[in-house]
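Residues per chain, in single letters:
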Amino acid sequence: MEPILKTENLWKVYRSSKVEVPALRGVNFEVYPGEFVTVMGPSGCGKSTLLYVMGGLTQPTRGRVLVDGNDLATLSDAERTRLRRHKIGFVFQRFNLLPTLTARGNIAIAQHIHGNGFDPHRFATITRMLGLTERLHHRPAELSGGEQQRVALARAVIHEPKLLLADEPTGNLDTRNSEIVLGMLRQLNRELGQTIVMITHNPEAAAYASRVVHMRDGVMVDGIPAD
Amino acid sequence: MIAQLIVRNLFHRKLRTLISVLAVGVEVALVVVMVGLTTGMLQETAKRIEGIGADIMLQPPSSSVFLAFSSAPMPVRIRDRLMTIEGVRAVAPVLLQSSTSGGLDVVYGIEPESFRAVSGGFVLHEGRELREGYEVLVDDWYAAARKLRAGDTLRLFDHDFTVVGVVEHGKGARLFVPIRTLQQMFGAADKASLFFIKCARAEQTPRVIEQLRALFPRYEIRPLKDLLSMMTTSSLPGLDAFHRSMIALAIVIGFLVILLSMYTTTLERTREIGVLKSLGASKAYIARIFLAESALLCAAGILVGVGFSYLARAVLTGLFPTLSVQITHEWLLRAAAIALGAGLAGAAYPTWLASRRDPIRALAYE
Ligand SMILES: Nc1ncnc2c1ncn2[C@@H]1O[C@H](COP(=O)(O)OP(=O)(O)OP(=O)(O)O)[C@@H](O)[C@H]1O
Ligand SMILES: [Mg+2]
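First to last, the sequence lines map onto chains U and A. If you read the first sequence in my numbering, its first letter stands for residue 1, the second for the next number, and so on. If you read the second sequence in my numbering, its first letter stands for residue 228, the second for the next number, and so on.
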């Protein structure tokens, strides 16, 4: 089976004014369709950077990132945007919902950006699975953190992305809500076959995944699949 | 969907939206009212001159139709030569003065007899016709505005005049005094600013004009029949320049207001930009949101501006009943186009900034 995501000797160096910060120093990483992988590692080791590069939010400095066969390093900004639009879904630690829109509006604008039109069946499936049916007309400020993150989750998967990238999705949640959100991630993975890469600091969260990899100082220290 | 986002965002920042809309409204009203005021005065003047009933108006070289600013007078005895032209039935000399006591009013110094011969006479609402000395006739509008009646005193050119009568409006000016009185007051003995000429038959007007042109080559000679339709802003030198500076001012206001409003908006919504980009929104998509938001602000401002314009007219004409503010569809459209154009130009830079914001930095923005 072909990996849905593959990085080869991936480097990312941030250049802010005169300092150069190498956040990734040759990451080799593969994710196969249907996997639920968590990435763990100390703060500042480059986990978020890896996620951003894999999701096409920023260009790698060196190396290759293949998403569904496309090498992101060779794509233009517009092409990366298009790839992100169709194949990637993001969830962040801070829920990042648009504060002026309702839950439904937040999900709908994602569909609008994807440009596939409104798919009521998909919308119903996702909102039901995430337990949002009753909360759709509420604004983010009127929702609990757990509910907000579930809306963010719905928004991220509404267009059936090949890859769901989650950056510490439970980092701002209490234990109970963390469990709910993690349970839903697992449900998405198992029932809809959603491929997921999730960053976490929490070993309990990592337990929901099918595989755990570890990062340190911008490289993977293990986690090459042992097939 | 974008529409919903935009409207929600505008309502989210009510005060800023309100201020921007009001500023654009003021911008629109500024153009509409200023242009309306000047063209209104011009049209009003033209209509009143047309209403005199004369056929031709003769003025010294390079005079304006806009009589409030008239140039050096000519000798009254020119009349004798005018009377010799075939087809001329009557000639009335008029000396003009602008009175600034409580607004800008044109005062006609007339000879009651010759003015009657040219115009067919006043319709008196009360009182009597002019004779001589410090007497003044006022039209009904002026009388209403100043609450004047026959027998009252009106102060003009630092002198008390007796209102001897109130006449129907529409005969050139709102105030008439004996020409000799005006000549004495301004040391312009035997001088006139213009002549109104009445032909024996209206059809003779073109022929009379031809002969006048031969006799007075550099003079301004205008047929009065279509003075109103000929009246454009270019008939008063300086008016176009005035309009242009009003428009320039409006453009600057509109540009700066939208620039500032949208700039703060893009800063404030940096994270939102990052989120939209993470969802796959292209630069064009982001740009569309901010441009559409600016356009909506402008559109609301334009509507408010139209309202302001009519309100300003109501207030102005309420305060100064003799004033005429001409609000035309043409200028409403032009003012709207100016507001929209200036607004979108002002939105261009913030929009550009927003659309090319780095999504990672935007997502990290507090
Ligand atoms: N925009 C940036 N400009 C410069 N340096 C950056 C930028 N973003 C991250 N870095 C640096 O790159 C390194 C990796 O950062 P990254 O955010 O990927 O770490 P992380 O593993 O996600 O950490 P955490 O667990 O705290 O979220 C850090 O040293 C960080 O300071
Ligand atoms: Mg991080």
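By construction, these hints were calculated from the structure, which means they are not laboratory data. Please read these numbers as outputs of a predicted model, since none were measured by experiment. Glycine residues also receive a C-beta, built at the ideal position from the N, C-alpha and C atoms. Heads up, some of the hints might be wrong.
Taking lysine to aspartate or glutamate pairs in the DMTMM-like style, the calculated list, with each CA pair at most 25 Å apart, reads [claimed, not checked]:
#, chain 1, residue 1, chain 2, residue 2
1, A, K241, U, E142
2, U, K18, A, E593
3, A, K510, U, E142
4, U, K18, A, E395
If you want the ones that stay clear, here's a sample from chain A, every Cβ over 12 Å from chain U, calculated [claimed, not checked]:
#, residue
5, R316
6, Y361
7, T380
8, D387
9, E437
10, E447
11, L483
12, L506
13, S509
14, A522
15, E557
16, D585
17, R588
Problem - Hint numbers contradicted by this structure - result: Those not satisfied are hints 3, 4, 12, 13, 16 and 17.
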